[in-house]
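**Student:** Sequence:
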Amino acid sequence: MSEIKSRLVNGLFKENPTFVLMLGMCPTLAVTTSAINGLGMGLTTMVVLALSNMIISLLRNIIPDKVRIPAFIVIIASFVTMMELLLEGFLPSLYDALGIYIPLIVVNCIILGRAEAYASKNPVLPSLFDGIGMGLGFSFALTCIGAVRELIGSGKVFGFSVMPSSYMPCAIFVMAPGAFFVLAALTAVQNKIKIAGEKKGKDMSKIGSGCSEDCMNCGEEGCGRRKFYDTDA
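Residues are numbered in our numbering as their position in the sequence shown, beginning at 1, plus a constant of 50.
No wet-lab data here; the hints were simulated from the structure.
Take these hints with a grain of salt, some might be off.
Mimicking BS3-like on lysine-lysine, the simulated pairs with C-alpha atoms at most 27 Å apart in a straight line are [to be verified]:
| # | residue 1 | residue 2 |
| --- | --- | --- |
| 1 | LYS244 | LYS64 |
| 2 | LYS244 | LYS55 |
| 3 | LYS242 | LYS55 |
| 4 | LYS64 | LYS250 |
| 5 | LYS55 | LYS171 |
Okay, the calculated beta carbon distance ranges per label pair [stated by the list, open to error]:
| # | residue 1 | residue 2 | range |
| --- | --- | --- | --- |
| 6 | LEU175 | VAL117 | 44 to 50 Å |
| 7 | PRO214 | ARG118 | 30 to 36 Å |
| 8 | SER52 | GLU138 | 27 to 33 Å |
Using N, Cα and C, we set each Cβ at its ideal position, and we do this for glycine too.
Can you make the complete structure from the sequences, with help from the hints?
**Tutor:** Below, the structure written as structure tokens:
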């Protein structure tokens, strides 16, 4: 149970794919014009991530090392195709809104990264919850960005008007530049929280934007970069 909780917390906060690791920027910036689009993309990615992690973990001792990346991509692409067909059949409006970014989940670096760094080296249950945790973290980030952009850009959140009728929407926030503005602002808030925690003497070392590149002192056992340096040494 502690391992499951650890994987969920890791994906949501310690290694949030968007705010901490800065991964998956293409869908993050492209589809978050509204909160519902961000949530839809996040949950779709979470399902693919969790299921592909589970299957890759099950097959980790069977897949030859030399062809592991092509094998991982085939597994991920299978689940992406299933999700694409389900969305087209049952949620056509969301399918139309997300468009080309649904099939592009196949090459999302978060999914392939977790397959290589964690699922291929760990048992099934932790791998499944690692995928769920990272997917929830991605969903949370995309929903937050989408909600802020939708609120400022149209005065709505999840399609419901929340601003007074006198509010003048700032249309740039539902355009491409708005994604960069909001992501930068939310990352700045994260960094402010980190600095405030450090001033109070709290250990905030696990919260940051991207890899510290300090592989010698890194505690992430499944990190592909660390494995490379260990081998190179």
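**Student:** The structure should be examined with respect to each hint, and the outcome stated for every one.
**Tutor:** Verification of the supplied hints:
1. LYS244 x LYS64: Given that 27 Å is the threshold and the Cα spacing comes to 12 Å, the pair holds.
2. LYS244 x LYS55: Distance of about 22 Å is within 27 Å: holds.
3. LYS242 x LYS55: Holds. LYS242 to LYS55 sits at ~26 Å (cutoff 27 Å).
4. LYS64 x LYS250: Since the Cα atoms of LYS64 and LYS250 sit roughly 19 Å apart, the hinted pair holds (cutoff 27 Å).
5. LYS55 x LYS171: holds (19 Å)
6. LEU175 x VAL117: 44 to 50 Å: violated (26 Å)
7. PRO214 x ARG118: 30 to 36 Å: The hinted range 30 to 36 Å is violated for PRO214 and ARG118, with Cβ atoms some 56 Å apart.
8. SER52 x GLU138: 27 to 33 Å: violated (40 Å)
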